[in-house]
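> Protein chains in written order, with our numbering: chain S, 17 to 343; chain F, 2 to 306.
Errors might be hidden in some of the hints.
[As the list claims (entries may be wrong)] Below, a list of computed lysine to any residue pairs in the SDA-like style, where the Cα atoms sit at most 20 Å apart:
no. : chain 1 : residue 1 : chain 2 : residue 2
1   : F       : K22       : S       : P157
2   : F       : K22       : S       : P319
3   : F       : K11       : F       : A281
4   : F       : K290      : S       : P319
5   : F       : K290      : S       : V320
6   : F       : K22       : S       : Y193
[Stated by the list, open to error] Covered by chain F, according to a simulated footprint, are these stretches of chain S (three or more residues, beta-carbon under 8 Å):
no. : stretch
7   : 64–75
8   : 139–146
9   : 306–320
To be clear, the hints were calculated from the coordinates, so they are not data collected in a lab. Yeah, the Cβ is synthetic: ideal placement off N, Cα and C, and Gly gets one too.
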Amino acid sequence: MREISYSDALREALQEEMSRDSEVLLIGEDIGTYGGAFGVTRGLLDRFGPDRVVETPISEGGFVGMAVGASLLGARPVVEIMFMDFMTLVVDPLVNQAAKLHYVYGEQAACPLVVRTPSGGGRSYGPTHSQVFEAWFAHTPGLKVVAPSTPADAKGLMKAAIRDNNPVLFVEHKMLYPTRGPVPGRGSRPIPIGKARIARRGTDVTIIAWSWLALEAEAAADALAVDGIDAEVIDMRTLSPLDMETVIESVQRTGRLVIADEAPRSGGVSADIGVRVFEQVFDYLDGPIRRVTTPDVPVPASPVLEQAALPNRERIAAAAAELCGAY
Amino acid sequence: MLVIRLFEEKVEDLFTRGLVKGTAHPAIGQEAIAVGICSKLRKGDYVTSTHRGHGHFIAQGGDPNRIMAELFGKETGYSRGRGGSQVMADFSIGFLGANGITGGSIALASGAALALKNKAKRGIVACFFGDGATNQGSFHEALNMAAIWSLPVVYVCENNMYAMSMRATDSVSIESLATRADAYGFPGVSIDGNDLTAVQDAMHTACKRARAGDGPTLLECCTYRMSGHSRGDQRAYRSRAEETAWKKRDPIRATRKQLIADGELTAEQDREIRREVRAAVSTAITFAKRSPEPDPATLNDGVFA
Ligand SMILES: Cc1ncc(C[n+]2csc(CCOP(=O)(O)OP(=O)(O)O)c2C)c(N)n1
Ligand SMILES: [Mg+2]
Numbered sequence: 017m018r019e020i021s022y023s024d025a026l027r028e029a030l031q032e033e034m035s036r037d038s039e040v041l042l043i044g045e046d047i048g049t050y051g052g053a054f055g056v057t058r059g060l061l062d063r064f065g066p067d068r069v070v071e072t073p074i075s076e077g078g079f080v081g082m083a084v085g086a087s088l089l090g091a092r093p094v095v096e097i098m099f100m101d102f103m104t105l106v107v108d109p110l111v112n113q114a115a116k117l118h119y120v121y122g123e124q125a126a127c128p129l130v131v132r133t134p135s136g137g138g139r140s141y142g143p144t145h146s147q148v149f150e151a152w153f154a155h156t157p158g159l160k161v162v163a164p165s166t167p168a169d170a171k172g173l174m175k176a177a178i179r180d181n182n183p184v185l186f187v188e189h190k191m192l193y194p195t196r197g198p199v200p201g202r203g204s205r206p207i208p209i210g211k212a213r214i215a216r217r218g219t220d221v222t223i224i225a226w227s228w229l230a231l232e233a234e235a236a237a238d239a240l241a242v243d244g245i246d247a248e249v250i251d252m253r254t255l256s257p258l259d260m261e262t263v264i265e266s267v268q269r270t271g272r273l274v275i276a277d278e279a280p281r282s283g284g285v286s287a288d289i290g291v292r293v294f295e296q297v298f299d300y301l302d303g304p305i306r307r308v309t310t311p312d313v314p315v316p317a318s319p320v321l322e323q324a325a326l327p328n329r330e331r332i333a334a335a336a337a338e339l340c341g342a343y
Numbered sequence: 002m003l004v005i006r007l008f009e010e011k012v013e014d015l016f017t018r019g020l021v022k023g024t025a026h027p028a029i030g031q032e033a034i035a036v037g038i039c040s041k042l043r044k045g046d047y048v049t050s051t052h053r054g055h056g057h058f059i060a061q062g063g064d065p066n067r068i069m070a071e072l073f074g075k076e077t078g079y080s081r082g083r084g085g086s087q088v089m090a091d092f093s094i095g096f097l098g099a100n101g102i103t104g105g106s107i108a109l110a111s112g113a114a115l116a117l118k119n120k121a122k123r124g125i126v127a128c129f130f131g132d133g134a135t136n137q138g139s140f141h142e143a144l145n146m147a148a149i150w151s152l153p154v155v156y157v158c159e160n161n162m163y164a165m166s167m168r169a170t171d172s173v174s175i176e177s178l179a180t181r182a183d184a185y186g187f188p189g190v191s192i193d194g195n196d197l198t199a200v201q202d203a204m205h206t207a208c209k210r211a212r213a214g215d216g217p218t219l220l221e222c223c224t225y226r227m228s229g230h231s232r233g234d235q236r237a238y239r240s241r242a243e244e245t246a247w248k249k250r251d252p253i254r255a256t257r258k259q260l261i262a263d264g265e266l267t268a269e270q271d272r273e274i275r276r277e278v279r280a281a282v283s284t285a286i287t288f289a290k291r292s293p294e295p296d297p298a299t300l301n302d303g304v305f306a
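When you get a sec, could you build the whole thing from the sequences and use the hints?
This is the structure:
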């Protein structure tokens, strides 16, 4: 299969869905000529015109609210928020409006909205351009949250998110955009939201990760293999709803669990997954659950401090090795 | 103005060559606004800035060595490497911070003005932001409250005609951003932001009003960002002809010409100043390069006061 980048895979998904359904439209800042801050929507304005690629002023709270309103009348907006850090400005329309509509208004109301946003650190962009806020939205009933790590998953999950009749937050880690992988071509199928993927089979320890850290977890597993530790890597792909079935089945086989999450340690998705495992299969665990996260600090700009803050393959491997009694 | 220009030119070069990580937004072409506004401030006044903030900081008396060190992520930087280009401050000289969030400083500046007023302090606040930031809801909320409470704040809109790739004229349906003040009932004035004297005169009037307790003013300073929005901007959204036309209106060239015409500057003095400024910027780079990296062991320090 041909290999393309994560950005190209996203663009293909947007383009194919826009061709398939005239209700799909893009909304966001600098998504036309500029192609979006990370180039994902490049070329789509020329192809679909300004009615379907809607460039906005810098008014995030306003245009996300408008996307919610448009979705009530059948539009399928895919909104770009330039950095996940700016999601702070759109919490009200998503949490107090979009997430509640179907529950309170029933069948008359659906909100088929996708909000795409680049997350995470690693590029020294500093404390207001490097954050991971997945937990806030996973904490909101009525919102779905996906965070794919491979180009193929990015394409398949974007298609699923666009066709979903619920508001979906689509998290694209900015380190992933240039990464490449095999991606199916035109007419490829959506990948269901809410299903994790076993990225690597193993027997000694389960490592759970998603987004950028899923790649780091696979690299950690390669390193562990050299030391004779056979790690299983689960890429969660979706953070809400969580696919606990896949996680539980794996932990039952390995008896050991490491969870890698780029978000700060407190109140995050990593804690949630850990507690669910504890609740459901406590008796299968051969040791404590280990978490590899960013400590509870803002992400600093200095490359030295940033690298000290963020989880990486070495820290994931060290946690797994320690659990397996290697050190 | 020259310090800002040569500093920013070096910064652009450092980023392009990958010697500095992250991103930066140079203020090349907008120097007359930073200098004109800050030249009218006194001790006890404050400034809030933006993502394009190096110039404001330098104009307010920020140390180029420490600004450069912050860009290099070094311990000697203003935020000890924690903040980077868009997150640095020095409260001791009244600089309340750049801002990575478009429009993020507008309410903060207005709140600082509220504190000054409530404490019966004399100071005022100069609040810088771009044309794009005036489309944020908090801009409108803050201006309204500043108006009803007659706060001592001067809103300085640097209208450089673009917010990233979006033309200001495509993002609003009014002729002049200065007229936004009409909606809140205080004066809005549009001026040539590349004309240092015009900026100073307008700021003089706005300061007088703020210091007298009569409330805010909105100054729309029309200008042009002579370089790209940030590192890697191909500038596909504007024409080279437009850029060339604005080069002719370079604020530094205009100011120099005026000073020479007024007999306040000789060609020899001009060359000498250039030499000095070039040396100062080189010193800043050397200072930054030789400064120590932050100690990773201090990562968790300072989250709470
Ligand atoms: C809330 C928010 N939205 C978007 C951005 C990304 N961004 C940074 S600067 C900028 C353009 C700002 O335009 P303007 O206010 O005119 O200032 P200029 O860059 O022209 O100086 C954008 C969209 C941001 N930093 N914060
Ligand atoms: Mg602008």
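> State for each hint whether it applies.
Hints, one by one, checked against the model:
About 38 Å separates the Cα atoms of K22/F and P157/S, which puts this hinted pair outside 20 Å; it is violated. Proposed proximity of K22/F and P319/S is supported: the alpha carbons are some 8 Å apart, at most 20 Å. Under the criterion of a C-alpha separation no larger than 20 Å, the hint pairing K11/F with A281/F is consistent with the structure, at around 12 Å. Between K290/F and P319/S the alpha-carbon distance is near 14 Å, which keeps this suggested pair within the 20 Å criterion.
Between the alpha carbons of K290/F and V320/S the distance comes to roughly 14 Å, so the proposed pair stays at or under 20 Å and holds. The straight-line distance between the Cα atoms of K22/F and Y193/S is roughly 18 Å, inside the 20 Å bound, and the hint therefore holds. For the stretch 64–75 of chain S, the proposed coverage by chain F is satisfied: 4 residues have a C-beta within less than 8 Å of a C-beta in that chain, meeting the threshold of three. Counting residues of the stretch 139–146 of chain S whose beta carbon lies closer than 8 Å to any beta carbon of chain F gives 7, which meets the minimum of three for the stated coverage.
Here the stretch 306–320 of chain S counts 9 residues with a CB under 8 Å from a CB of chain F, which clears the bar of 3, and the coverage holds.
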